[in-house]
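Just so you know, the protein sequences line up as chains A and B, in that order.
For what it's worth, the numbering used here labels the leading residue of the first sequence as 1, then goes sequentially.
For what it's worth, the numbering used here labels the leading residue of the second sequence as 1, then goes sequentially.
Source of the hints: derived by calculation from the structure; they are not laboratory data.
Check each hint, because a few of them may be wrong.
For identical chains, the list gives no copy identity; a pair is met inside one copy or between any two copies.
Restricting the straight-line Cα-Cα distance to at most 20 Å, the calculated cross-link-like pairs of lysine to any residue (SDA-like) are [said to hold, decoys possible]:
hint, residue 1, residue 2
1, 531, 163
2, 42, 63
3, 42, 535
4, 545, 208
5, 266, 580
6, 655, 377
7, 206, 372
8, 639, 504
9, 266, 3
Protein chains: 2
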Amino acid sequence: MEFFIENARWIVAIVAVGGLAFAFRQRAWVMQQNPGNDTMQKIAAAVQQGAAAFLRREYFYVAMFVVLVSALLLLISSVPEFDLSPWTVVAFVSGALASGLAGFFGMQIAVRANSRTTQAASESLDSGLRVAFASGSVMGTTVVSLALLGIGALIIILGNVIDNPQLAASALTGFGFGGTAIAIFARVGGGIFTKAADVGADLVGKTEAGIPEDDPRNPAVIADNVGDNVGDVAGMGSDLFESYASSIIASISLAVLAGSGIEAAKSGAAQAYPLLIAALGLVVSIGCTFLVRAQEGATQGQLLGSLRRAVYAASGIIAVIMVVLALLFDLGIGVAIAAIAGLVAGAAIGFSTEYFTSDNYRPTRYLAESSEGGPAIVIIQGMALGMLSVVVPALIVIVATLVAHTAANGLYGVAIAAVGMLSTLSITLATDAYGPVADNAGGIAEMSHLGKEVRERTDALDSLGNTTAAVGKGFAIGSALMTALALIAAFVSVTGISSINILDPRLITGFILGGMLPLLFSAQTMTAVGKAARGVVVEVRRQFKEIPGLMEGKADPDYARCVAISTDSAIRQMILPGTLAVAIPVILIVGARLARGTDFARFISAETVIGMLIGSLLVAFMVAVLMANAGGAWDNAKKYIERGNLGGKGSDAHKATVVGDTVGDPFKDTSGPSLNILLKLLAIVALVMAPLLA
Amino acid sequence: MEFFIENARWIVAIVAVGGLAFAFRQRAWVMQQNPGNDTMQKIAAAVQQGAAAFLRREYFYVAMFVVLVSALLLLISSVPEFDLSPWTVVAFVSGALASGLAGFFGMQIAVRANSRTTQAASESLDSGLRVAFASGSVMGTTVVSLALLGIGALIIILGNVIDNPQLAASALTGFGFGGTAIAIFARVGGGIFTKAADVGADLVGKTEAGIPEDDPRNPAVIADNVGDNVGDVAGMGSDLFESYASSIIASISLAVLAGSGIEAAKSGAAQAYPLLIAALGLVVSIGCTFLVRAQEGATQGQLLGSLRRAVYAASGIIAVIMVVLALLFDLGIGVAIAAIAGLVAGAAIGFSTEYFTSDNYRPTRYLAESSEGGPAIVIIQGMALGMLSVVVPALIVIVATLVAHTAANGLYGVAIAAVGMLSTLSITLATDAYGPVADNAGGIAEMSHLGKEVRERTDALDSLGNTTAAVGKGFAIGSALMTALALIAAFVSVTGISSINILDPRLITGFILGGMLPLLFSAQTMTAVGKAARGVVVEVRRQFKEIPGLMEGKADPDYARCVAISTDSAIRQMILPGTLAVAIPVILIVGARLARGTDFARFISAETVIGMLIGSLLVAFMVAVLMANAGGAWDNAKKYIERGNLGGKGSDAHKATVVGDTVGDPFKDTSGPSLNILLKLLAIVALVMAPLLA
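Given the sequences, and given the hints that come with them, work out the whole structure.
And the structure:
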């Protein structure tokens, strides 16, 4: 066993390279599929160009941001007393690069798999499912493999250049921070982009010009389509990249420091355990990918069953591995129980999201029925549903945390629970990233006027995607919370504050400050959509006016420019909340360090930072769940009525749910998911800067 | 000085009796005023009967609840190891009685002052203002006097029957809990009642029967009018009674225990200080009541100035007294700074509420303008405004807490800040309870077809009432937060947990559990209104059908029965959230006590309770501010448009704001204010039961 413990970093790096090879193989297989007829290819090509334009633009800003933060980190690390290793910057850049590359590959294949899925669906439901899922698995496998490769490689490098293992672990946290840098842009900026393009396209196209939705003459139509991929592929991917990398890093940090339930003698095994769980989780997930297939004419339940079978099989196998490894490494069965508690909690939170947002269950049905009372009642009921829906995941997290902490006899158990929850990420993310591909495939089938049969198959695939997306959203929030808890645990351990006065005024005021941040952040992201949409509206109007023959279909609109402008507007609206999220922990930590030993220490100290982290964790989690579930339920209540229930499309009840859905859009696609990032961002920045307060 | 310190309890009791004498004098003066012509008297009489019916019904349920809780407390105190004094029950019943009486007197005079205000306004604006304000001051003075009388008398009694001063202080906390029992019914039940009666009256009357609003033929019209008084008179009064009594009790508890910044030798002075500040605050406030007067034709600004002059004068004088007393008692100037920090913070939070909800300022104007984008945009902007509005009061509380703690060198300072904030309560509550009187006076002027001049004067008074109501709401939330902080500080001191591991999993899971409670509670109160309204609808329909000649105006509807049914429905909807709020801390504390020394102590302990208290404090505060301010802003945005702006009444913009206002109704009048109670309820129950964990 010593061999595996000592060489875990190498094993991880090698498995990661294997994972990348698998991703390339899957990618190649998808690319070999028939991309469909000329119309289908033309539409797909436009979306591909749009996505490329978006990524180019976004990554330009990301690069500037990375340079800026790197400079800041270098500046801080140049102060000798601050004890921040300059290698943190290397880790930071690597993390940004790895997450950025994963997003790039995932988006690239998603926008190429859409017409191929449509074409495959014209053959059989199973073929369609396989193509869409294969493209999702490219994203899932790439995210996980690049995260593991980065962590493995950095451990090898940092272990060689930094003598002190605690300093090396501290520098490694930069990798998680790098992932966060991408996630802010993909989740927050991307979330604003998606809705701004949507609103802009509808407002000028449908309302002013009077052309139908998804009409190729609308210059913003491609931006709108690109937006779907930005949210559920790039956004979700970067969000989970961050959770995945950070949970592993947090558990390593805790293991290096020992204490927190780890004896010093077992520190090595405790560091290797999360790494190997993650690596083997990747192998298992890849194997289970092949279990996804569908019978022709499969019901929604059977399709869902097919995906779930694969995820469950992966979970079952990895659970056994968790136990075996824990025993072989002599860490005690408790560590495995912690990991399994996380695994189960992740699935349970996903289910609770499905329960509260799917119209198969009582809450959303009840919401739809309330629409007969008008829009205000729909809003009140939706808010109440969202608030109520916080209870179940909160209880799940409570149980998982208590079990993990008790079983593993310390905070290390909580970090391992987060790693356990994410151990099968490559397959769970595949079921999620598959969604927008199926959605776009349906759009292409519609626009290319393919047969009713094809459309029915893509509809079935799309509807499945909506369910997996709901489950994925819950999973993303739950994993963000567990990861943030693990990061805070690592922060507290690094700063060595084992015990504090619970009523220290700095702690209490830190709580209030932290609790306020998610609301300030959400207020900004919610209004950002409207502001960003204005830029899109101006550009769409300009093109309609200045491009001769556009309305007659004789000239093509400038899709790329519309994408560029949407991107720019979205990024501009992102600056304020993004800066706030990065600046607050930096200012507090530097402030606490400078105040040390002075009279100001009565007002600001490490306690303030800890209070802020816990307060923001609590409120961000609650508001994120509330927004995601209220938004999802409003969306599905509307769809439920559109399928002919309660008066159907055009009825007053339908109009009321349209109001709910419009309110829910920024809730579930912009502000809610952005909070996942805020949650982890504050904690990872604090952990990166923790040496200042050690 | 020794004399004052030793006899503070007697001074307080004597001043309180004087306060009651003043309240009776004011009441007699109001009753001497001309109640107006027959029509006016008839309308007023109906509201009086309705209010009496409501109070009778409500107090019946309250009595049952008080008996039930008393039995529970006696049961717990009968377990010798639990260390709960049976005298706690006496204090509990006294608190319920005192708060119940204050609500009774306040409501009684409010519904008698309305027609008298109308009549006085037909003479001059100043006369109208004086009558309405005098009736408000009856409520303000009664609340404060009865709270002080109860506390003073209990200290005298408990000091004689209980030898141990700590146990005596602990039994005293029952008084605060008694106030809370009333507050649940008045704020939560009353909040549901108000809106259920409103919705029921509108739905059947306006929509089904086609008769105008406020038509005396509508059986629910009186319930609706009674509802206005229930919310802003009885609800606000009981809420602030609870804050007032509990903040004084918390500061005494901390002073008895010494530590927390108090030397043992100064314990007596530290106990006397909050008592005397409160007593002198009452005297000063009564004196400043006479500063309220208005010139004929006064502008809105001048009227507001007249009220503010009185409040500022009282605040200025009491601030000087705070300093003088602190120096005379040799407690150090820091204690006075803490008290003044609270005083200033209360005013500042009130202003911030006014800023975010008044259409004189940018946020509500901007919200009104956004209504041109339709109802969904109004909801999104309102939510964003509500979220943003949390930032300012949060920062104010942060500064006040840090200043108070630092200046007074401990948690005692935070409790004193809460006492300071509430020191001029009798006059600030008067400005608040004045509002619904002016509102009803306007209604009576309208229904009695009085001249345009009278209506203009009552409109001016009513509009002023809206501003003071907004300020009062902010003040109520701010004082609830500070009081809850003080109570938690006392709880922690009693249990003797000075220092804990910030990442104790029981603490963390307690946070999450506590954070979830306000959302669960709000989800229930938000949906309660709709459910309670159904009972009202059924009754109104029945009366329309079964009472012959009702629609023709030949027979009178059974107002009292409608009030009784509204009350019953509201109370029934209140049971679940109310029970939850009382049961959770009791279960956790008893559970933690029973788990002590067993294996279960790894899952539940005093840390769980502390975490729960702090988590709920944080989330309840944030959500309460969000709901109160979003609701207030939606209401005023609608009124702004109704005054002819942005297209005026009937425009699409107006319809959009009506949706906002309808959503805002349960936000600002039911769920939001209910959270103030939850906030303090959890903390006071914990403090009452604290001996179990000592």
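Outcome of the hint check:
For the homomeric pair residue 531 and residue 163, neither the shortest alpha-carbon distance inside one copy (50 Å) nor that between copies (67 Å) is at most 20 Å. With identical chains, the CA atoms of residue 42 and residue 63 are never at most 20 Å apart, being 31 Å at best within one copy and 75 Å at best between copies. With identical chains, the CA atoms of residue 42 and residue 535 are never at most 20 Å apart, being 27 Å at best within one copy and 60 Å at best between copies. Proximity of residue 545 and residue 208 under a CA criterion of 20 Å is satisfied intra-copy only: 12 Å inside one chain copy versus 50 Å between copies.
Taking the shortest Cα distances, residue 266 and residue 580 never come within 20 Å of each other, neither inside one copy (40 Å) nor across copies (45 Å). Within a single copy, residue 655 and residue 377 get their C-alpha atoms as close as 12 Å, and across copies as close as 15 Å, so both meet the 20 Å cut-off. Only between protomers do residue 206 and residue 372 lie at most 20 Å apart by alpha-carbon distance; the minimum there is 18 Å, versus 26 Å within a single protomer. When the C-alpha separation of residue 639 and residue 504 is checked against a cutoff of 20 Å, the pair qualifies neither within a copy, at 50 Å, nor between copies, at 44 Å.
Proximity of residue 266 and residue 3 under a CA criterion of 20 Å is satisfied intra-copy only: 14 Å inside one chain copy versus 66 Å between copies.
Of the numbered hints given earlier, the model fails hints 1, 2, 3, 5, 8; all others are met.
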